[in-house]
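**Q** The primary structure of each chain is shown beneath.
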Amino acid sequence: MTERLLEVRNLDAQFVTRAGPVHAVDGVDLHIDQGETLGIIGESGCGKSVTALSIMRLIERPGRVVAGEIIYKGKNLAALSSKQMRRIRGKEISMIFQDPMTSLNPVVRCGEQIAEALVLHEGLRWSDALARAVEMLTLVRIPDARRRAREYPHQLSGGMRQRVMIAIALSCNPKLLIADEPTTALDVTIQAQILELLNSLKRRLDMAVLLITHDMGVIAETAQRVIVMYAAKVVEEAPVEELFRDPLHPYTQGLLRSIPRIDLTAKDRQRLATIPGTVPSLKGDIAPGCRFATRCPFVMPVCSYKTPPLTEPRPGHRVACWLY
Amino acid sequence: MALLEVRNLTKHFPVRDDLLSGKGARVHAVDDVSFTIDRGETLGLVGESGSGKSTTGRSILRLIEPTSGEIVFDGEDVMRLDRGSLRRIRRDMQIIFQDPYASLDPRMTVERIVSEGIVIHGLATSAGERRERVAALLTTVGLSADSMRRYAHEFSGGQRQRIGIARALAVNPKLIVADEPVSALDVSIQAQIINLLEDLQQQFELAYLFIAHDLSVVEHISRRVAVMYMGRIVEIAPARALYDNPTHPYTEALLSSVPIADPTVKRARVLLEGDLPSPVNPPSGCRFHTRCPIAVPSCAQNEQVLKEVAPGHWVACQVRA
Chain A
13 MTERLLEVRN LDAQFVTRAG PVHAVDGVDL HIDQGETLGI IGESGCGKSV TALSIMRLIE
73 RPGRVVAGEI IYKGKNLAAL SSKQMRRIRG KEISMIFQDP MTSLNPVVRC GEQIAEALVL
133 HEGLRWSDAL ARAVEMLTLV RIPDARRRAR EYPHQLSGGM RQRVMIAIAL SCNPKLLIAD
193 EPTTALDVTI QAQILELLNS LKRRLDMAVL LITHDMGVIA ETAQRVIVMY AAKVVEEAPV
253 EELFRDPLHP YTQGLLRSIP RIDLTAKDRQ RLATIPGTVP SLKGDIAPGC RFATRCPFVM
313 PVCSYKTPPL TEPRPGHRVA CWLY
Chain B
-4 MALLEVRNLT KHFPVRDDLL SGKGARVHAV DDVSFTIDRG ETLGLVGESG SGKSTTGRSI
56 LRLIEPTSGE IVFDGEDVMR LDRGSLRRIR RDMQIIFQDP YASLDPRMTV ERIVSEGIVI
116 HGLATSAGER RERVAALLTT VGLSADSMRR YAHEFSGGQR QRIGIARALA VNPKLIVADE
176 PVSALDVSIQ AQIINLLEDL QQQFELAYLF IAHDLSVVEH ISRRVAVMYM GRIVEIAPAR
236 ALYDNPTHPY TEALLSSVPI ADPTVKRARV LLEGDLPSPV NPPSGCRFHT RCPIAVPSCA
296 QNEQVLKEVA PGHWVACQVR A
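Top to bottom, those sequences are chains A and B.
Mapped onto my numbering, the consecutive letters of the first sequence carry residue numbers 13 to 336.
Mapped onto my numbering, the consecutive letters of the second sequence carry residue numbers -4 to 316.
Hints are computed from structural coordinates only; laboratory data are not their basis.
Just to be clear, a hint being listed does not mean it is correct.
Stated by the list, open to error - Across the chosen pairs, the derived CB separations fall in these ranges:
no.	chain 1	residue 1	chain 2	residue 2	range
1	B	A(-3)	A	V314	50 to 60 Å
2	B	L81	A	D156	46 to 56 Å
3	B	I84	A	R283	29 to 39 Å
4	A	A143	B	K261	49 to 59 Å
To be verified - Residues from chain A shown here face chain B by an in silico Cβ test under 7 Å; the list is partial:
no.	residue
5	L142
6	V146
7	A232
8	E253
Glycine is no exception: its CB is placed at the ideal position from the N, C-alpha and C atoms.
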């Protein structure tokens, strides 16, 4: 039996704006087991990144977590002091972002940025930490690691910078890596290199990964279990093969049909399926009802006034839809 | 006769104030690129960042002044046109951009944005006629006619891209250069815009130069596809032939890198080693030889030329063709 590493219960996060609060994350439940990769997929503004930042307690004003528990190894991270949280962050749980340039310090050499984490969390001496930093750069397959360790981030390409970010994130052997669109800014051949690296390091270091992406292809190739978010809520959760074979939520179905697929040979070129309309606003008080109702091809009267709860019509496959 | 014929297009940008490379260094953004586009046809242009695909698109409209080469559009030599004639020919060649946030002036109403070309080219005789035309264009791209009174910033990304398309259509162009038109959009919105572009092509017999880094999108929309690497076209073929039978090792690596939205598909992946070389000092011979899994020593010496391996399928690789 696999051990539960992280459990998020009923997470609510809001952003305060002049026009009133924006409900970025609304009642999200999720869990990650030791060593597994959980993917969160959704379009811009669905709350996937805010969920990740909330877990890390990195959400900044005007945003804040208003409710919910984040249980990591039996401890509620939401209730920890900032000082206690700093011991978890970077040590137990690390995070990498879409744009490595905004998270790397431009005036500190790459090797020193890795060494800082090792001195802080592992209590290593500076010289030992620097030597370990070179090992980490080798681990993420940066050629000529000794020389690269002495370079500054701007001297590296985008793919190399993302490798440095990964080296920093993994330097203290975290149990959970949160990767927020880690390859979105990269070219497709470099993306393939980075995904392959993450997969092999995950197996080698036995860590769990929470992968956040908008790319169904990246999810299909990386995750074991998938959560689909729409308008701040979880609408579906399933093992990856089941989700792609038999998506239950009309939103997931629409999403999967609207992507062009190069691996399929269509006799005549097929027209792409579309989801009509756009995502609803999350500002102010949100009326009850399914948030996908206005775009849903199977909409029923109940959808417009009653919010569908997450149910589990099949073992391990949960969906928030009145059809089931 | 082709609607557009591009021959030996080259664009070098000077690199200034670069201590390492010294004065006079040049970035070879586009190097000896040739292709044609027929009336009503879509040619896809794919490549990674820095491959020169956007520079190629902009050079055709002379939004960027090419260093050398020939551009023949509808029988006219675009490179020889003076400013006035260039303005006239741009009525027939329009462009839409990736970022619908940056390419629409936030201080202008939708009506002004869409009608600008109509005014410049004198396509309406009265204000009433102009407004009618704008209303018809907005309806064509799936927006309501009364959105013309609003400002661009009031619209979502997908709607802004529709406004950008309406602006391009306003002057009845024959060719639209679409530079990453759906890259900034969410997938569900992306599909709406792709379908719209396909409908408009049917309706108005438009030709597209469709520039994108997303190979799945390009394959879906294009009749033929050209693959660029470091300023050169390395392979050009009918869309399905390119995907079924990629012949250049770079095309092969590119295609095998695309993640497939089906967890049951397991593919052999050609992982490229290393990064893109510097465009200031590109590798000699075949520019891909430093990363190529099948390179032989002479690849570092010999410039590669496109050779036809099957009807309409051209490849610049001495090992494969």
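**Q** Indicate, hint by hint, whether the structure satisfies it.
**A** Here is how each hint holds up against the structure:
The supplied range of 50 to 60 Å is met by B:A(-3) and A:V314, whose beta-carbon atoms lie about 57 Å from each other. The hinted window of 46 to 56 Å between B:L81 and A:D156 holds, with their beta carbons roughly 49 Å apart. A hinted range of 29 to 39 Å holds for the C-beta pair B:I84 and A:R283, which are about 33 Å apart. Separation of A:A143 from B:K261 is about 39 Å and departs from the stated range, judged on CB atoms against 49 to 59 Å.
For A:L142, the suggested interface contact is broken, since its CB lies about 25 Å from the closest CB of chain B, more than 7 Å. A least Cβ separation of about 19 Å between A:V146 and chain B goes past the 7 Å threshold, and the interface hint is therefore violated. Restraint check, A:A232 versus chain B: the minimum CB separation of about 4 Å is within 7 Å; hint holds. Among the interface hints, the one on A:E253 holds; its C-beta lies about 5 Å from the nearest C-beta in chain B, closer than the 7 Å criterion.
Hint compliance for this structure: hints 4, 5 and 6 are broken, all remaining hints hold.
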